[in-house]
Structure formats: structure tokens, C-alpha cells
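Whenever a hint applies, use it, and build me the whole structure from the sequences.
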Amino acid sequence: MAKHMISLTINGDTYDLVVSDTQTLLDVIRGDIGLKGTKRGCTTGACGVCTINDSKGRAILSCMTHVLEWDCESITTIEGLESNGELDAIQRAFIEYGAVQCGSCTPGVIMSAKALLNAHPQPTEEQINEAMSGVLCRCTGHVKVKEAIRNAHRIREASSHAATD
Amino acid sequence: MLLPDHQYLTVDSLSDCLKALRENGERAQVVAGGTDVIFNMRLKLFEPDVALSIRRVAELQQVEELPDGGLRIGAGCRLVDLVEHPLVNERYPAFADAVRAVASAHIRNIATLGGNICLKTRCWYTNNSEQWRQGVKECFKTDGELCHVIKSSSLCHAINNADTPLPLITLGAVLTLQNADQRREVPIAEFYRKDGMDHTVLAPDELVTHVTLPPVADRTVFLKIAARQGMDFSQAAIAARAAGTGADAPQVSLVLGSISMAPIQLDQPARTVEAQGLSDEAIEQAVAQVRAELGELTSLYARASYKSHLAKVLVRRALKALREM
Amino acid sequence: MPPPTDPQAIPAQEAELSVVGKRQPRLDGPQKVTGRSVFTDDVVLPGMLAGKILRSQHAHARIVRLDTSRAEALPGVKAVITAAHAMGMAASSTESAGEASRRRTGRAIKLKTGESVFADQVVTYIGEEIAAVAALDEATAEKALELIEVEYEPLPATMDSRRAVKPGAPQVNPEFPGNVWSEDIDNYGKPDEAFESADFVVEGKFEAGVTHNLYAEFHVAVVDFSRPDKLKVWTPTQTSYLMQHSLAPAFGLSLNQVQIIHLNTGGAFSGRGAVRPHHYVAALLSRETRRPVKVFSAGDEEFLIGRALGKNRYKTRIAANKDGTLKAFDMSCEMDGGAVGNEVGYFGWMAGLCNAWVFDLEGNRFRRKVILTHQRPNFLGHGGMMVSSNCAVAQLVAKVAKSLDMDPMDLLLKNAVEPGHTGLSGEVFASCGLKECIETVRRESGWDDKYGKLPPFHGIGVAIGAMASGAKGAFKHDTSAAMVRVGEDGLVTVYTGIPDMGQGTHTTMAMIAAEVLGIDANDVQLIAGDTDLTPVDVGAFAQRGTITTGNATRNAAIDARNQLAKHAAEKLATEQHNLVFRNGRVIRADDPDQSLSFKEVAYATLHGMEGRCVMGRGFFNSPLPYGTMAWSFDAQVAEVKVDPETGQIQVLKVTVAHDLGRTINPLAVEGQIDGQVFSAMSQVIYEELVTDDGLFLNPSRLEYKMPRTYEMPEISHHMIETHDPYGPFGAKEVGEGPVVVTGAAIIAAVSDALGGTLIPEMPMTPIRVLKAIRGSELYENGGQKP
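Chains as they are written, first to last, in my numbering: chain C, 43 to 207; chain A, 3 to 327; chain L, 78 to 863.
Keep in mind that the hints were calculated from the coordinates and are not lab data. Some hints could be false.
[As the list claims (entries may be wrong)] Residues from chain L that face chain A, not an exhaustive set, calculated with beta carbons under 7 Å:
| id | residue |
| --- | --- |
| 1 | Ile-203 |
| 2 | Asp-214 |
| 3 | Glu-722 |
| 4 | Leu-774 |
| 5 | Asn-775 |
| 6 | Lys-782 |
| 7 | Glu-788 |
| 8 | Glu-791 |
| 9 | Ile-844 |
Fair warning: this is a prediction, and the values are worked out from it, not measured in the lab. Every residue gets a Cβ at the ideal spot worked out from N, C-alpha and C, and that includes glycine.
Here it is as C-alpha cells:
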């Protein structure tokens, strides 16, 4: 099978990779690169655990896209949300509001929530339901996940105030 | 459920795409967003030699305003771009609602309009893994001569579950289909065939390149019923359009989806309300005429009786909604 | 049985709690939100192979020919195995159930007829394992499966439990003629007399459909059996202990030669309590190839590996008096065991007990018949069978109230059990806040303003329930053990064998240890999930975590505390019992100005003449021969709206009051309740595997309609604290008590919305709702409530 050289930037690190035609973005993130935070789930687009963010900060199902589409692209995975050892506000909100239980869906749920907050820092209920209906979670019933999303902006503001104080 | 072996070919221009389609014919499968194609490939429902990616074809990703007030939308536009597009929302609200109703935000972020228009028909006797399918007798979709849901049928009864075509049909949208030699304009109302296997008139070397929407000032509505809201296919959906105001509706169009192999245009019920207006009595009369227009229904993803029931509910709701607009 | 005199009691310490009751974020939160938490599918071992399983495509067939030679010849294939490789191996995922049944009923159930690893000559359900492949990668393994040739001779199959018991029905297992796996009657109290003397009897039928537990993490196992004397298994599970006990005898190993590493478990919901065939398959492949093997269930395969509820059909009768006294229950259940009846046959009896716990009855009878069919072997759903059995009961209780023109709340209060009550099977409720739960939901839901006053198709319903906190019976012991190590820097490590599948048990254990030692829970780390490192723990099921492992952890922490107290007492010139450990300090109770820091004490204990290394040990085992010591109680009100045109149900609000003894971590408790409300709602309205002759038609996360964000109702939580004498700090379970009540409250509300029509079936899919509406008085009355 033919192989191709691509360059893919993940969380700010650029990888030169040799990939095949049939590999998905998920296969490469987990397999070739070895970042295991992005989970493998149904691989057919229905559960959302493989969600990453594209360069525009949108939620993308990494199981549903050939890696060859991502040559010269830049993406963010769950491992890339922290900066300088500081958790992102949405990560802190998930911890503080109890939005994490088994944790298996959590990376996908957080990357979906992050995409929502990128577009709408203070989303409405409808926007939350719409953005989060693509992910499956039985443990939380989505209740505390929504609460964390609703409150993420407060945590962000509190920490930016702290930084300027 | 890995992807089957194939060559992934990325083209940058429409002409390259059409050339590649011509060269590869039925061996090729166009990938736009990929959400439907990759799903089907993982299930090995199709195993193309060449997956032809048109994601980088910029000319298919534009929304152009036409001088007559209509829009020409590239088939490669992602659903999310249409959901967020001010002109789409302003001029074609029912269409925007249908786009918003497709699957989840995740899917809409990469799925395209062309992909939804060409969405493969679905059946729960085929849409599982290859190993699962080996326990099921071969049917039309798997090189057999049988339909599991209507055993006596000579046709595949897989469901056309696409939401966006319904308002496009009521709006009189026209699809541009192109191959390497020529282009043709096909009203979307004539695009679908009542056959789960060969469900559109698209030739193997053709591509849906654009959707042209004429200016429409009429009232329009789109309604969808699914088992759950968000991330689900419709159990039944309707798009409706009416000229006039209030109960006066001189021209009406009603299109039902997700209950059959193709969208269904309801003629008699539309004529009834055109003639009698949108009174409760006329609406009930129209509702009573719905079943006769649906043809043979299948218990696929929902009971046939429930689907015909929902068809009536949706016609009633859509007509009442039009009256209130 | 009187409350115990706790030899470990530390009254001065526990008079005022400083950690228990605080909203403590999960200790593993930072790992989970950053993607650092390792799940089994993330495990990569040197030389690891990919395993894939070939499954039966027939519900019942003879394997005429099985030829693996082409698969074996495929480059990259390292092993192909079939039944011949597992001969004589008892895949006794059900050892504990069998032992439990024997202990309870005095007779053994036949374990040798339990599930085998691979079908041998005859397959008895779609999805049964026939062969397996290990290859260099998944793609090669998938290709190899396609090269295995199987020729079947189809045999007639029996797919429905009603038809399976008729004469002439195809037989599933020759050892169970007539397809009856087991038939049992449990009589408690005097049901016959109660029915005879009752003023009236109400009765109804209820059916529950086939489900899957649908956790976020797919079934997966990584096994390294490359050394003949060590079997290492990485897998999500609720119990590494039972896994060890199943795998060790199967492979002729001692228990310590089997190492189970459960890492993080991505949800379980009663569905990961046993070894399943894929664990054996991965082990066999690894033994055969001498390399580690990963088996990951792909897509719809997940639904074949999963063992959840089969079709259950209930007939229920309730005897009552005109004054509203409930006298007796008589419930019978026909359970479709699928092709193997082991587990469901045992656990079914819980449903009959559970329904009756909350009422002061004269008699209770539960009959159950487990019938074999050529369906997937069945087991339990989230909430066992009690979600459905309670639905059957709650509607009839509402019917009793309605027929007496009594408010259901008054009826429940009249019949509800109280503290000190002795149940019909001898259970004594040392703590019981049931009446307070009922009064709370009545108040908080606005019941009195709504019941009987809502518009058509808008309903409100109430249900109550109880749940055992731990249930001894699987073995003679029900032990959890724990170790608490205090480092010289004052940081504490708890070693526990209990898995955390998301419920937050590890954080709870840290809080319990922290409370005893008077430190911050964030200064405790957990070592868990590796049987080579962690002490015995039967596992996270039967609601034993908080009470059993919690008591074990408390005991170990007290042991550690006593070791520290020795040194601190000397330093503070007082007796050990005069010390309080609180807020990071060791304080003289009689003179709080005299204190030492915890860290200082921990340091000095090691760095003294004695050089004492502080390691606390503790275990807990119920003193009872059988059953549980503590019950949680729960009452819920659900409010729903039914769309009479589409048949869709919208749950508007669920008000939950749960007597959990003591709230250890409110944040986790709320999360547990949220998840259970969601799960029960999902089970009674949405979830059902549609089958066609044993073939699941919707085995996917798309088509198996578990709801998502939009469907979630408002939830109002109320924790009722009754300080149980047996629980650690008085705590009882909150992991399954709510789920068995929510569903019943929703069904009662739907029944109310339809004018009191009995709801015959779950899930209440729209078409069933429409059918119920047509059969209801509302339909007769043109939408007007009668």
C-alpha cells in the first residue's frame, strides 16, 4: 500500500509522519503519535469520545476523517488544553462541578464543550444541548456537564482577575 | 471496524475531480465530509478502490447571492457554514432548520450539503458490521435478490433519511450535476428514485456541484420527529410551503421524508388546502388523504403504522404552523 | 440484631466531622480532564498482538465444518484457536452465583452447563464465540476472520420464552428439558392468609424489553500470558476478585498467579461483574502465542459481548384493605435467560425481596421461572431487575390508592416501614428515613398542588424503594480489606482493591481515611486496581463499596491513627484516647491549645528511637451469615408530559429524596443521583434492543436510543441523613437505590397522565404510548380526565 508523508501539528508540536491511505486522524493520534487521551469508541460518529478541535476551534470527530485530510493542519487534543501547567477553565470547571465520573467519555466531552465555549463563551441552554448532543454519557446524565459548561466563564474570569491582581 | 483498503485521492479543483471520476467510474467514491461515506466504508457496505476527496475544492464551498434574490450554494459547503450563514437563515428559514436538525454539531462541522443530499439509504438489516451481516441473507444491498423488510418486493426498501432535501424540494431548488463533459440542471424534486439501491439519478461519473435556490417569499416550515432530539435520524420529517397569508393558501407544497425510499410529495392533501384554505376542517380533510399517498410502508427503524401516523401528525402540524405565519 | 459496639469507636474524633460532608472534587479529576487517565484500550505492551473473535451467525445450528487453515496461512497471523484449544475448561463466570444459590437454597445449580469459551459443535445464540485469531495488527486479524470457513447446519430455534416452554419447542440445552432452567418460589410471611383476608385485590401485567448497559467504554481486555506461571489481565471490571476466582481455576493457576489490573473502568452499571468469554479468549490467544494480546470489541460486537436484561414478564397481585392497608404482594416473573440461565436465575430473586422492603406487609411471594431461549445469555441492567419490577408494583400501588380515592402519598405513608422494623425475611432496619423521604418529595415536588389537578396528558407519579448496602452471600465472607500507609512527610496512601467505575469510591475512601486522620483528603493518594498490590476486596457491586470497603478503610485508618497516637500522646503528655486528629493537627481534647501538627507527628514517629513505620491495616466483613445490615430508602416524584399525537414522553422534573445514612461527598452523591435518574428514564422510555429471530437490529450507539442532552429533566436532590449504626460515619449506599425508583415514578406519572391507565410495558416507546392512550379512559372521554 502506498505511503504518504504528511506534516501534522498537534497541540503546537509538528510531526512529520508517514501514513497510509486508510488511516483516520484517530488512528494516527492514538497509534502513530501515541496520545491516548483521545479515545476510541464506536468509530462511526455516534458517541463523540474521539472529539478533537480543529484550527478554528471546532469539534471534530477524529474517527470520521482520513488523516490525509489533515496534512499541514493544526489540531488540539485533550492533552493540549493545558497551558504552562495550568488547566483550562473548562477542565477546572469539570473537576469543580463534579462533571467527571468514569472519565471514559470525558476527553471527548471536554473537547466538545471547549469548541462550544470557543464560539459562545456564555452559551444558552439551547446552545449547550445542541453542542453536547453528539456525545454519549451514561454516568452523569449530562447534568453536571452542563453545569460545568454554564460556569466555565466564571472560572475563566476569576483566574484572569487573579492573574492581573 | 477498520476502513477497507483503498486509495485516498485528494483533488484541488472541480475539473480534476470530474476527470478522476471519469477515470475511475464505479470504482470511485466521492468523499466530501465523509460522515456518511466513512460510516458505510467501516461497515464494508461499500469498498471503493478510490476514495476521492473533494474537501479542498474551494469552488464547491461558496454561497453566492444571485441577482434574482436566490442563492447558489456549493455542494461542498459544510452544514455548519450554512447553519451560521445569515442569508441562508434570512431567506430560507425552513431550510436552515432542516440543516440544523441533521445529526449532531460534531457531524455538521464536517458533513456537507451535497453529502446530505446524496445520503445513502439506510436499513437495519445492512447497516451493521460485515460480520454481523453474514448472519443475514443477502439482500439487494449485499448482492442478493431480497428485501428483508418487504420480502415480496422486487426493490430495496431502505430508507432515505436525509432532512435537507425536503425543504429544498418545496423551495423548487435545482441541482447542478456535472461530469467531465457536461453539466445538467435537475430539479431536486426529480433527483430521487423510489429504490433503496439506486436512489438517485446521479450517474457514477457525475457529481452534485451546486444547489440553486430561487427567491421564495412564501411561508415555509420544517418539522422533524426523531426518537431523541439531537444526534438522530428522523422517524418522519416534513417540509411545507404555502403562498398567501393566513388561511389563504393558493399554492401549497408538502414533502415528507424518512418514511420511505425517497421523499414523498403529497399532492392531494396540498390540492385540498389550496382549494379550501387552511381551515381546521380542510386540514383534517388533507390529513385524511395522506395515507393513500404514502404507498407501501415498512417497519424499518419504526413500525409502519407509526410512520403513517406520524405522517398525518406532521401534515397537520405543518399546515397549522403555516397558517400562523 | 442490635447495633454493634464498635471496638474501634473514636467518639471524640467523630463528634465533629471536618472532611465527611464536604464537596470534595474527585481526586482523579485532574488526570481524567487532561486525558492522562489510562484505560485498557490505551495499554500498549511490547510485542502485543491484536485478537479478534469469530462469532456465530446462527441462533441455533450445528457446526458441520470449521476450517481455519486459510486463516492460519495468512502472513501476520500468529494463532487461530477454536473449541479444541479450550477443552475441559469451565468458563465459570458464574461461580459466585452458583455458590450463592447453593448457600441460599441448599442446592447447587449446575455450573458445568454454564457458558463455554467457544461453541463446540453446536451454537446456541447469535454472537456465540466459535474461533479467535491473534495477528500482528487488527487489519490482519480482521482479514483472517474472513478466511475462516464455517459451514452450519441450521437447526430450529426457540426465540421467545412463552413459546420455548410449549411441547415440541426446540431445546436449548439437553440438560434442561422443556427449556426451564429453574423455577423457584420465595414465600415470606403469610401471603395466602393475607390474600384471603384482604378486602380486595388489584392485579396487572408488565413486560420489560431486552437491553444493553451501554457504558461509554467498550468491552476490552489486554492479557499477557506469555509466562506460564503468570496471567496478567488489564480490563474494565467491577470486581477483580471474582475475575481472579474464575480465571485461576480455568487455567490451573493459583489465585496469586492471576493478576487483574483494572485501571480506570469506563462505567459498568451492573454489566461488568463477571469474566466474559472475551477474557478467556484473550488469555488463550496469549498463552498460544506467548505474546500479549488485546481484544477490543468493535461496534455491534459490543452488544453481543454485553450481558444485560432479557425479556421479563411480570404478573403482579396486591392485596389491600379498604382503609388503605397493603397486606401482601404476589408477583411472578417469567425471565428469558437466553441461551445460558446461570446468572439471571440467581439474581432474579432480589427483585421480589426489594419491592417488599418498603412496605409493612403480612406476606410476600415471588415466583420466578427462568426459561432458556436461543437469545443472547442475559444478565442484569442498571438497577438489576428492580427497575422493571418496581414499575410493575408502583402502578398497582397507585391503582389501590385511586380505587380508594386516596392520595398515593397518604397510602405510602400509611404503609411505609420505619426504623426498627423487622421485615418478612427477618431483616431489621436499624436506620430508616423512608417516611421522611416521602414527606420531602411531597413537599419539594409541589405534589399537593399538582396531584389530580394537572391538565390531560400531564401527569405526576410517586414511587418508593429500598436497596441493600452490601449483600453477603456470594461467599462465606464478604470482605473488603484496606491498608493505610502514613509517609514520614505526613502524606497518606490508601491501598484498596475496589474498582472505581466512575461512582467516586476512591475519593470516598480518601475522605474516610482523611477524616479519621484529621487531614485534608487531597493529602491522600489511592493505590487501587492491581491485585498484586492491593488487598482483598470482593468488588464494587451489590452496593457494598461505601459500607464494606468504607468500613475497611476506616478501620485501617484507625489502626494507623493509633500508631501515630502512641507517639503524640507521649509528646503531649496525655492518654491516647484524649487525642483528636483534626485539620492537620493532633490536639489534646481536654486542652485544645496543646497540639502538634500531623506532619510533625508522622515524621517523629519514624525518626524516633522506635523507628515506627506507620502502616494501618483493616478489613470489614458483615457479621451476618447472609444478606445485608443496612438499607437505603428512597422516594421520588416524577412529572411528565405526554404528547398524545406523537406518543412521545417528556420528563419535566424528578424530585429525589434518598436516605443514604450520611452524605460523605455531596458532589459525588448528586452525580450518582443524576446519573441514575438519567439511566432509569432511559430504560423506561427509550432503551430497547430490537430483535429479529435473535438478531439485534439496532446494536449501535446511534440506533440503541439512549437519550442525550435535550431529554434530561430538571432534578432536585434531597439527602436524608439517618446515621446508620453500621455504616462508616453512618453512611449507606447511594449507587443503586435511586435508579430502581426513578423508573417506577416515571411510569406512575405516565399512567397518571393517561388517566390512570396501567402501563403494560417498558420501554414506553411512542407507539406503545399511543396504544395505551387508545386503551385509556382519556381516549374514551376525548382527552378529558375522568
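Hints, one by one, checked against the model:
{"no.": "1", "hint": "Ile-203", "in the structure": "holds (6 Å)"}
{"no.": "2", "hint": "Asp-214", "in the structure": "violated (9 Å)"}
{"no.": "3", "hint": "Glu-722", "in the structure": "holds (5 Å)"}
{"no.": "4", "hint": "Leu-774", "in the structure": "holds (4 Å)"}
{"no.": "5", "hint": "Asn-775", "in the structure": "holds (6 Å)"}
{"no.": "6", "hint": "Lys-782", "in the structure": "holds (4 Å)"}
{"no.": "7", "hint": "Glu-788", "in the structure": "holds (6 Å)"}
{"no.": "8", "hint": "Glu-791", "in the structure": "violated (16 Å)"}
{"no.": "9", "hint": "Ile-844", "in the structure": "holds (5 Å)"}
Hint compliance for this structure: hints 2 and 8 are not met, and every other hint is.
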